[in-house]
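> Sequence:
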Amino acid sequence: MSDRLIPILSLSCGGLVTLYIGLVVSTVFFATWQTQTVSSVRDTESAIGNLETNYYTTLTRVSAIDPHSVGYVSPSNVKYVVAVRNVSSGLTFAGN
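So the sequence shown is residues 116 to 211, counted in this note's numbering.
For the record, the hints were derived by calculation from the structure and aren't laboratory data. In this text the structure is predicted, and so the values were computed from the model without any measurement. Cβ coordinates follow ideal geometry from the N, Cα and C atoms, glycine included. Careful, some of the hints might be misleading.
Each pair of labels, with its calculated beta carbon distance range [claimed, not checked]:
| hint | residue 1 | residue 2 | range |
| --- | --- | --- | --- |
| 1 | Thr159 | Tyr135 | 44 to 50 Å |
| 2 | Arg119 | Val143 | 35 to 41 Å |
| 3 | Thr147 | Leu124 | 42 to 48 Å |
| 4 | Arg157 | Tyr135 | 29 to 35 Å |
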């Protein structure tokens, strides 16, 4: 029995060491992946923040412009179109 016990224990220890090394490698891999993902999310948030800043700056600048100074005039008359619901065609309009 002792002839088989030592090889079995040696293989078991080798398998456990291999499993341990594999788990350490996978832990390092996923930790690196998570760090890169967090960095990517931060970069994306920064880019979105820059876009929002540019948008609000442009919106403020455009809102401050007097429409008459760039050639816009008040309309001479205003007409509205009433949407009629056509039940036979199956078309619907928003709010109906």
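> Indicate, hint by hint, whether the structure satisfies it.
Consistency of the hints with the structure:
| no. | hint | in the structure |
| --- | --- | --- |
| 1 | Thr159 to Tyr135: 44 to 50 Å | violated, 36 Å |
| 2 | Arg119 to Val143: 35 to 41 Å | holds, 36 Å |
| 3 | Thr147 to Leu124: 42 to 48 Å | violated, 35 Å |
| 4 | Arg157 to Tyr135: 29 to 35 Å | holds, 33 Å |
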